[in-house]
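Model the placement of chain B on the given structure of chain A, informed by the hints.
Protein chains: 2
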Amino acid sequence: MNSHRYCVIMCGGVGSRFWPLSRTEMPKQFLDFFGTGRTLLQMTADRIRDVVPPERTVVVTNRQYASLVAEQLPELASENILCEPARRNTSPCICWAAHHIHAIDPEASIVTLPSDHLILREDEFREAIREGFEFVEEGDRLLTLGIVPTSPHTGYGYIQLGECAEESSDSKLFKVKSFTEKPDETMARIFLESGEFFWNSGMFLWKADSILKAFRKYAPETAALFDAGDTIYNTPEEISFIDNTFPCAPSISIDYAIMEKADNVFMKTVEFGWSDLGSWKALYDTSPRDTSGNVTRNSRLLTRNCSGSIFAVSGDKVVVASGLENFIVADNGNALLICPLDEEQRLRQMVNDVKSRFGEDFV
Amino acid sequence: MNSHRYCVIMCGGVGSRFWPLSRTEMPKQFLDFFGTGRTLLQMTADRIRDVVPPERTVVVTNRQYASLVAEQLPELASENILCEPARRNTSPCICWAAHHIHAIDPEASIVTLPSDHLILREDEFREAIREGFEFVEEGDRLLTLGIVPTSPHTGYGYIQLGECAEESSDSKLFKVKSFTEKPDETMARIFLESGEFFWNSGMFLWKADSILKAFRKYAPETAALFDAGDTIYNTPEEISFIDNTFPCAPSISIDYAIMEKADNVFMKTVEFGWSDLGSWKALYDTSPRDTSGNVTRNSRLLTRNCSGSIFAVSGDKVVVASGLENFIVADNGNALLICPLDEEQRLRQMVNDVKSRFGEDFV
Chain A
0 MNSHRYCVIM CGGVGSRFWP LSRTEMPKQF LDFFGTGRTL LQMTADRIRD VVPPERTVVV
60 TNRQYASLVA EQLPELASEN ILCEPARRNT SPCICWAAHH IHAIDPEASI VTLPSDHLIL
120 REDEFREAIR EGFEFVEEGD RLLTLGIVPT SPHTGYGYIQ LGECAEESSD SKLFKVKSFT
180 EKPDETMARI FLESGEFFWN SGMFLWKADS ILKAFRKYAP ETAALFDAGD TIYNTPEEIS
240 FIDNTFPCAP SISIDYAIME KADNVFMKTV EFGWSDLGSW KALYDTSPRD TSGNVTRNSR
300 LLTRNCSGSI FAVSGDKVVV ASGLENFIVA DNGNALLICP LDEEQRLRQM VNDVKSRFGE
360 DFV
Chain B
0 MNSHRYCVIM CGGVGSRFWP LSRTEMPKQF LDFFGTGRTL LQMTADRIRD VVPPERTVVV
60 TNRQYASLVA EQLPELASEN ILCEPARRNT SPCICWAAHH IHAIDPEASI VTLPSDHLIL
120 REDEFREAIR EGFEFVEEGD RLLTLGIVPT SPHTGYGYIQ LGECAEESSD SKLFKVKSFT
180 EKPDETMARI FLESGEFFWN SGMFLWKADS ILKAFRKYAP ETAALFDAGD TIYNTPEEIS
240 FIDNTFPCAP SISIDYAIME KADNVFMKTV EFGWSDLGSW KALYDTSPRD TSGNVTRNSR
300 LLTRNCSGSI FAVSGDKVVV ASGLENFIVA DNGNALLICP LDEEQRLRQM VNDVKSRFGE
360 DFV
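First to last, the protein sequences are chains A and B. If you count by numbering that gives the first Met the number 0, then the first sequence holds residues 0 to 362, one letter each, in order. If you count by numbering that gives the first Met the number 0, then the second sequence holds residues 0 to 362, one letter each, in order.
Since the hints were made in silico from the structure, they are not lab data. Built from N, CA and C at the ideal position, the CB exists for glycine as well. It is possible that some hints are incorrect.
Unchecked claim - Derived lysine to aspartate or glutamate pairs resembling EDC-like cross-links, with alpha carbons at most 20 Å apart: (1) Lys-171/A / Glu-126/A; (2) Lys-316/B / Glu-359/A; (3) Lys-176/B / Glu-195/B; (4) Lys-176/B / Glu-166/B; (5) Lys-316/A / Asp-352/B; (6) Lys-316/B / Asp-315/A; (7) Lys-176/A / Asp-139/A; (8) Lys-280/A / Glu-342/A; (9) Lys-171/A / Glu-121/A; (10) Lys-212/B / Asp-104/B; (11) Lys-216/B / Asp-139/B; (12) Lys-316/B / Glu-24/A; (13) Lys-316/A / Glu-24/B; (14) Lys-316/B / Asp-360/A; (15) Lys-354/A / Asp-315/B; (16) Lys-354/B / Asp-315/A; (17) Lys-171/B / Glu-133/B; (18) Lys-181/B / Glu-192/B; (19) Lys-316/B / Asp-352/A; (20) Lys-316/A / Asp-315/B; (21) Lys-181/A / Asp-341/A; (22) Lys-174/B / Asp-139/B; (23) Lys-174/A / Glu-133/A; (24) Lys-171/B / Glu-121/B; (25) Lys-212/B / Asp-254/B; (26) Lys-280/B / Glu-324/B; (27) Lys-212/A / Asp-226/A; (28) Lys-181/B / Glu-259/B; (29) Lys-316/A / Glu-359/B; (30) Lys-316/A / Asp-360/B.
To be verified - A few chain B positions that, by computed beta-carbon distances, are all more than 12 Å from chain A: (31) Ala-69; (32) Val-147; (33) Leu-224; (34) Pro-235; (35) Ser-239.
Isolated chain A, as found in the complex (with noise of 0.2 Å):
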């Protein structure tokens, strides 16, 4: 195992596209999603063990989730864990992580992965990763991977490949042309028929210094914010320096920043099963079905003239369901929820209005 490469967990992340089943205290990543007694962080953390060992593998998080992820990852040293005193997207959180361990091992390189999604083909993911890290440890280079697309998704942000990368023999490494928003239905079409176009995952592969460069050159005052504690990083100071200059810092997506600006961005074509898990029609289609297409996560489930819906109901509950179709039924502490897969799309305006008229408690 190449003892300089390292891995970044972004685990701060909180959302309400999985309330009431996550909630703002207890975010999707720390879940049990499928059941299976590890968490969407457990086993992400799972997956990288084989490539880049705990004790080379930090965790980013907010402050607020610290004791949730020192409980879930036993295995971390409590100084793997950096706590955001404050949310600021994901650029802040990898220029942050990037000096930290530039600290420990200048010639570093990282792959940094979010926290909470799912990949079926494991080995394949890791085989990809070793790849990547050769890729980038050989030269100055950004590396995202891209995914091949399955389907005309309109809630992933898609990549458009340029040419072959003639820095490897590596048939799937391609130079980037473009970075695109969600698409709508037609244009997602459009790009998963074209082949060039591919899912933009949220994980990347660097040098440490290679990133750092790069923020000094596309975001020089994020770059100048982390900079200025560069005899700090990984000493007992970091704590404070970081508690003041963090919450300075833009906030704003590593994409944004860097990626869609930088001229030596690559990507790595993957397959290896993927999903963001970022909507209940996701976790849906990730999902084992019962033979009336059900998903039903780990509930007790009798379920009549029910077909195409999903069941998330926490803890050992009976759920007796009749006559839905196409539904999420989602219980979980002091909320239930009940609607149709196809008007999730409003499920974060329904999580403000729980908020706003029932208080924080119930979100």
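Frame of chain A; chain B shown alone:
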């Protein structure tokens, strides 16, 4: 207040028609059904108090529920709670209670009431009970209350009226021509239009002496069992006598055992906004609705595109529901039911399925 007047509240029932709100360990009569702070049993006791005081009110229940009754009716002396050692329908219950009260007061007259009905106009109810007492105290008469029907309900038994009772000047008192079972829809419409048929409310008045006489004449087996304890009612030996005797009594309703056979049965027709709350539909029909025609018990509810539905969610839970028309959503403890209102007749089967598949803890 006539000090020979007693009340028997029958409180031993257990049903599955409001599962999962009602449970084997917490039947319907013990629930605060309307979120008013009073359970159906408490509402029953409150309602009769001005006619019969607590010291002359006896609650007959199953031993399993004795502590629930004591808790919900703290005004009741413990000797006023009669505990059945087994479930034997209404006939043995009424026979025992009559003996018990007769031993206290041989001149007693008794109103017998179910513990789980709804009555909207309680003043009219009390007026009818007072008139009923007067009627049965004048002679050897068995009186049942017949509800003026407001719809061709197929869930109730009907009583056909005969001639006016010459024995009284009360124009609402009649001889009974016949008792009928629950009719089908066509027959129920004929009943309703005829003006001759009234809903069997299960509320009765008689002197203790009269009903005991009727038992001896029409239900001699039951009568003999309970007459054998003639000297022990209202003594410390009553409990062990009942524990031995009660389980031997035939399980039969008072209608079958006595009312359909006796020749001194009268009906008083009444209209006081009555429902037996025998189904979710009955609860829906008797509950106030929001502007979309939804009934919510006491839950924090946000609906969208929902109509004609009833939401019965216990505790302080938030419910967000969309796209439900004419549904029951009932959530309580370890069970959740989502089912079209017009399928509620299948509920008993569903509850049996839950019991056999997941165990008694869920029913």
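**Asked** Which of the stated hints cannot be reconciled with the structure, identified by number in ascending sequence?
**Response** No hint contradicted; all consistent.
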